[in-house]
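Participant: Sequence:
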Amino acid sequence: MFGLERPPITPEFWAILGTLILLEGLLSADNALVLAVMVRHLKGDLQRKALAYGIGGAVVLRILGVLLASYILEYWWLRAFGAAYLAYLAISHFLKHRSTEDEADANAKGRGFWATVVLLNLTDLAFSVDSILAGVALIPRGMPREQGLTIVVIGGIIGLILMRIAATVFLKLLNKYPAFDHVAYALVGWIAVKLGLETLEAAHEIFPAVPYWHMPTPIFWGVMAAIGIIGSFLATRQPAMSDEAAEAKADAVVQEIDETVADASDGRIDGR
1 MFGLERPPIT
11 PEFWAILGTL
21 ILLEGLLSAD
31 NALVLAVMVR
41 HLKGDLQRKA
51 LAYGIGGAVV
61 LRILGVLLAS
71 YILEYWWLRA
81 FGAAYLAYLA
91 ISHFLKHRST
101 EDEADANAKG
111 RGFWATVVLL
121 NLTDLAFSVD
131 SILAGVALIP
141 RGMPREQGLT
151 IVVIGGIIGL
161 ILMRIAATVF
171 LKLLNKYPAF
181 DHVAYALVGW
191 IAVKLGLETL
201 EAAHEIFPAV
211 PYWHMPTPIF
221 WGVMAAIGII
231 GSFLATRQPA
241 MSDEAAEAKA
251 DAVVQEIDET
261 VADASDGRID
271 GR
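1 is the number of the first residue of the sequence shown in the working numbering; add one for each residue after it.
What follows is a list of derived Cβ distance ranges for each label pair: (1) 249 with 6: 35 to 43 angstroms; (2) 60 with 81: 19 to 27 angstroms; (3) 226 with 248: 28 to 36 angstroms; (4) 209 with 242: 56 to 64 angstroms.
Rather than coming from a laboratory, the hints here were simulated on the basis of the structure.
By construction, the Cβ of each residue, glycine as well, lies at the ideal position given by its N, Cα and C atoms.
Using the sequences plus the hints, can you model the full thing?
Facilitator: Okay, structure coming up:
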């Protein structure tokens, strides 16, 4: 349905893939943590049942997001919406005073089962859009759509894999160093700037009166590297908890997800 073509294996390709792995890992860990927190107020088997719907929604919405990326890569005005949304995410993250976990807990409290399921899937949608748009924004504007879509698909698959296989690693990292969340969203903010400038450049080709500035590739990746290095240094200066506590908290979330998946595969998602 959507043509895919292997992109050239260049240093920029590896830089894009490495950035996607980092962002997908942090966002997927956030997603897993939020899903687990949002079902805490439910009783007994309803927690597991709601979480199963949430995990299923994450998979389906990620697949739909990858399909949507094909159109975002093709139409410049959709990229404009993407740039605005990524910028909104980054700005709103730094303006908020509560952690993602606290916010999820506050939003879910007092809701019934189906209201929680709807909220879980809306949360999945937000995380899917975040990661897919970040992947789209990292694609060089001159790259053929088929090659760019291939990279986005790889990123989407990585996100699904990381939601479980590397969940413990990234959850432990976020538990011990919560400020890594800020690093991730600082990267998202800078990626939004790149996508916004590329949107203006594309609009200029159709409407010459639109002003634009072409960002050289070395500047973009130089700032990305600076955010990653400086942000990581600052984030690791004040650990929020010990390695043991961070690992225990991460293991608890992953175990809950594993038990849900196991029950679903056995047909016992409703507790029977």
